[in-house]
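Just so you know, the protein sequences line up as chains G and A, in that order. Just so we're on the same page, this note's numbering is the position in the first sequence counted from 1, plus 130. Just so we're on the same page, this note's numbering is the position in the second sequence counted from 1, plus 130.
Treat the hints with care, as some may be off.
Which copy? The list can't say, so a pair holds if one copy fits it or any two copies do.
[As the list claims (entries may be wrong)] Below, computed lysine-lysine pairings styled on DSSO-like, alpha-carbon distance capped at 30 Å:
1. K372 / K316
2. K259 / K316
3. K233 / K316
4. K259 / K383
In short, the hints are calculated from the structure, not lab data.
In case you want the letters, here they are:
Protein chains: 2
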Amino acid sequence: MSTTSLSFPVQITVMGSGTSQGVPMIGCDCPVCRSTDPRDHRTRCSLVVATPDTTILIDTPPELRLQALRTGLKHVDAVFLTHAHADHIMGFDDLRRFCDIKKGAMPVYASPVTLASVANVFPYAFDPKNRIPGYVSVDSHPVTDSFTLGGLTITPYTLPHGRFNTYGYLFQRAGEKIFAYMNDCKDIPAPAREAIRDVNVLMIDGLRDEAHPTHLTVGEAMAIGRDVRAKHVYLTHITHQKTHAQRETELPKGVQLAYDGLSFTV
Amino acid sequence: MSTTSLSFPVQITVMGSGTSQGVPMIGCDCPVCRSTDPRDHRTRCSLVVATPDTTILIDTPPELRLQALRTGLKHVDAVFLTHAHADHIMGFDDLRRFCDIKKGAMPVYASPVTLASVANVFPYAFDPKNRIPGYVSVDSHPVTDSFTLGGLTITPYTLPHGRFNTYGYLFQRAGEKIFAYMNDCKDIPAPAREAIRDVNVLMIDGLRDEAHPTHLTVGEAMAIGRDVRAKHVYLTHITHQKTHAQRETELPKGVQLAYDGLSFTV
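Model the full structure from these sequences, guided by the hints.
Below is the structure:
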């Protein structure tokens with residue numbers, strides 16, 4: 131790899147930043163759900179990691195189609211899944227458009243368990259006989275260890291999330307820990323913490339203030355950020371407890387809330 | 131039933147009117163997909179039928195949450211499903227909010243085959259052990275013949291849709307055929323045509339002009355409307371072939387295009 135390619139920019143775009151029920155919540159009249167601040171309109175979590183020649187989509191929530199329209203996402207080279215909960219996979223069928231556009235099957239990287247769950251929900255996508263235009267078709271990549279894509283080294287880490295586990299992903303560029311995405315978890319166990327130590331940007335589950343059986347609180351997420359010495363922390367998977375503006379006033383330097391449409395370069 | 135209740139109004143609201151890929155389509159730059167007319171922004175098909183005391187939602191597409199927010203839908207008494215294709219069921223988990231609001235399980239009416247398919251995708255929703263706040267829980271109503279709800283008599287009809295069948299639903303109020311919803315089909319077979327003859331409003335699959343293996347064309351749908359002597363016809367499940375404004379100029383009196391947010395009383 132040339133010196134030039136070592137320094138290529140990686141663009142991170144938050145497609146969705148909301149909790150499993152989204153914000154505003156259906157039928158909720160709380161101040162957050164009535165907020166007109168677009169940052170308080172949170173679709174379910176997904177994210178794009180784009181190098182100059184490779185675009186990776188993480189998770190396929192129900193609103194994937196509208197997220198893609200809003201952010202102008204027209205091409206996806208590979209999909210990573212964190213886990214198979216409804217709020218992360220029920221837009222999977224909309225990958226059909228990205229298959230049509232790339233004229234081929236979509237490489238999908240996830241744990242073997244997650245791939246099996248998604249194949250149960252969308253069996254036609256995993257059936258080689260369905261590789262016809264207009265249908266989503268998948269090249270399965272069950273991963274349990276580091277792999278490379280678009281000049282990046284990506285490592286999945288298993289994170290606890292109640293009865294399920296999820297994957298968090300660490301992205302490294304020429305040995306530099308540029309980004310870690312750990313969006314749905316109750317903790318980050320020691321091996322993953324060690325792996326992401328000194329990461330440039332950590333995007334992490336920060337659901338709300340009160341304890342939750344399967345999610346990190348804002349306080350717990352910030353403590354992990356300090357523990358791993360993340361240079362910058364973004365909280366995501368946000369519920370309707372506080373408006374973006376309210377929460378911002380409480381966060382220390384180096385910690386911010388993600389929001390739908392947030393985009394930055396690492 | 132009193133004379134007054136015989137004449138109660140029934141409000142129909144189109145939540146989504148789009149083909150399986152939605153309009154605009156991801157990554158499409160055609161004039162329809164670039165249209166700024168809100169009627170050309172079509173989420174996947176769903177519909178609300180509301181009597182003064184009962185609100186019925188038909189289908190749970192991926193965009194259900196955003197459809198509910200836009201139309202102000204805050205309460206659902208029962209859900210009907212037409213079939214289990216992705217564009218009609220992948221928002222099913224968002225019924226959790228309506229379960230929370232009604233503080234109970236959601237009655238879901240569909241064919242036995244459709245219910246089995248949905249239970250495979252969302253097994254937790256059909257597990258009586260999961261009847262806890264925050265989760266969708268379902269009271270299954272496999273239907274194959276007429277039933278009554280909210281003072282209406284509803285009859286499902288099996289319609290051909292490629293390798294699958296779908297249900298179309300006829301709504302009758304005190305014997306008057308007020309509304310038929312047949313949104314995803316290649317034909318309406320003779321028994322269903324006879325049943326819906328002289329219906330006040332027929333909303334029917336009218337995908338596009340060219341023949342399609344599993345959908346009615348605009349011409350075929352209009353021919354069925356004439357054959358059954360529907361007093362008014364709305365075409366739905368629309369693709370990105372023509373703008374709403376273009377298509378309107380071609381349709382005869384008594385035939386219109388549905389669009390997201392269309393609402394009328396029968």
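How the hints compare with the structure:
no.	hint	in the structure
1	K372 / K316	within (20 Å within a copy, 49 Å between copies)
2	K259 / K316	between (39 Å within a copy, 23 Å between copies)
3	K233 / K316	between (39 Å within a copy, 28 Å between copies)
4	K259 / K383	neither (53 Å within a copy, 45 Å between copies)
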